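The primary structure of each chain is shown beneath.
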Amino acid sequence: MANHRADEKRFLDDRGTHSITTPNGLNPATIMEKPVRERIIECFYWKAYCFALNECDIVTRVVEDVNFIGGTIGDSQAPSPFLCLVFKLLQLSPSHDIILSYLNYGGEKFKYLRALACFYVRLTYRAKDVYELLEPFLGDWRKLRRKGRDGGSRLTFLDEFVDGLLTKERMCSTALVKMVNRVVLEDLDQLEPRVSSLGDIEALLEESDGEIEEGENGRGEERGDGSESTPEVTEKNGDGRNGWSRNSKAPTPEAIEE
Amino acid sequence: MAEKKGAYDVAASDTDFRKKYDRAEYAEKAQKREAEEKEERKLRYEAKLAGKKYYKPMTGEEEFTQARHNIIDVSSKVGKIELMGAGAATGKKGKGAGNYCADCDLTFKDNMQWVEHINSMQHLRAVGQSGEVKRATTEEVMQRIDELWEKKEEEKRGNVMSVAERLEIRAEEDEKAREERRMKRQKMMERKREEKGKDVKIKKEYGEDVRVEGEHDEDDMMASMGITGFGTSKK
Ligand SMILES: [Zn+2]
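These protein sequence lines map, in sequence, to chains A and B.
FYI, in the working numbering the residues of the first sequence are 201 to 458.
FYI, in the working numbering the residues of the second sequence are 356 to 590.
I should point out that these hints are in silico values taken from the structure, not numbers from a laboratory.
As the structure is a prediction and not an experimental result, all values here were calculated from the model.
Among the hints, erroneous ones may be present.
Covered stretches of chain A (chain B as the covering partner; in silico rule of three or more C-beta atoms under 8 Å from a C-beta of chain B) [as the list claims (entries may be wrong)]:
hint: 1; segment: 328-335
hint: 2; segment: 381-391
Which residues of chain A face chain B? A few of them, derived with a C-beta cut under 10 Å, are [unchecked claim]:
hint: 3; residue: Glu255
hint: 4; residue: Asp257
hint: 5; residue: Tyr325
hint: 6; residue: Ala375
hint: 7; residue: Lys378
Glycine included, every Cβ here is placed at the ideal spot set by N, Cα and C.
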């Protein structure tokens, strides 16, 4: 298998001749908008930390550098490490097995790795696969920090982020390519009707209400050292919050539809 | 070989000690070099036509380029004074103030320029790298995930330890501070006691002094006015 280039020049130079087409039929070099791409390759983080990365180093960089989700931020519209690493993934276009290891094996350990891989899947996979790969994570309620254009931090959750990927048109300064509606794919028998991984919807709503309040109260401590270790520990020990490992044997399965 | 020769059988010319030059070999070398130079000119020309930069062709022994871990090591320079030659401050060539690349003998003023340099093909070739990055396998990715997880767990355990340690150290420091305060207090008490003792002693001495009524009064008064005697022999 061909190796990668350390920098992005060949990736961006390729005008269709040698470039790989993503499963959803796009040129990975043009999935992000041009101004965003230019900001990424001109920023210090890209030059200093994204040079010569391979599929392993992506994991290291996510674990060490990513502590929030976001696109371009602040007056200077500086691209977030998260966005830079999405762009690097587009350049590397890792094998499907590696994407699965980011999503599942690595994603259970490192929530931002799962978020990154989800974003990549949304940008490059066919609609059917996006639904199938991402929907299980609508039960992953781990906390994430998110920064908006204005630079302000906000609390969000992995399931909320994934829901955004499935329903919104733009996220993290990137236009999300339009997907065929789930119902259409169901009618075409390409997708099974979605079985909620969450079980009793009433209990879920109550729980998530409490979760949000808790989150708002805890917001002050969100700032600071940026360590998310505590929530992760409790999840790892997985008492009541293990909803994110898909539980298809839920007592009262209910289809959630848009 | 069969022919026997004495030590002096061969008529040695007096230039035999000189190194023998193989004309043919040298001609061949020169030809080869010329060909290489011609090839390089051609490649340079082609690169220029294509609007690209020319780099020496790779030998095939280059290593893969790998992700760096410490990109900028400023800490190694903290507190150190570097002496620069008088002409060092101008241009990138040679060693000057800033980030110096020993492989390329160039100096860069800021981190951005420095990073751009160490990413450049020119630099990569200078350090014998191809600019190619080895593709990772799924197993390697899994392994990296495990390593990072293990590291994180380790740090967590380390942090717990250090909290306990910090508490211990804090307790020790508190004890030390208390001890110090105690010592201080003791010293102060001692000094006070000493001073008191001195006072008593002085008074005692004074008291023992046989005073003639009125004799010292004048002296005392004058002393209090800053006058000490008029050169009288009295005293
Ligand atoms: Zn260099």
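Status of the hints after comparison with the structure:
1. 328-335: violated (count 0)
2. 381-391: With 0 residues closer than 8 Å to chain B, the segment 381-391 of chain A misses the three-residue bar; violated.
3. Glu255: 4 Å, holds
4. Asp257: Check passed: Cβ of aspartate 257/A comes within 4 Å of chain B, closer than 10 Å.
5. Tyr325: 17 Å, violated
6. Ala375: Given a least distance of 29 Å, the restraint on alanine 375/A is violated.
7. Lys378: Given a least distance of 31 Å, the restraint on lysine 378/A is violated.
Hint check: violations occur at hints 1, 2, 5, 6, 7; the rest are consistent with the structure.
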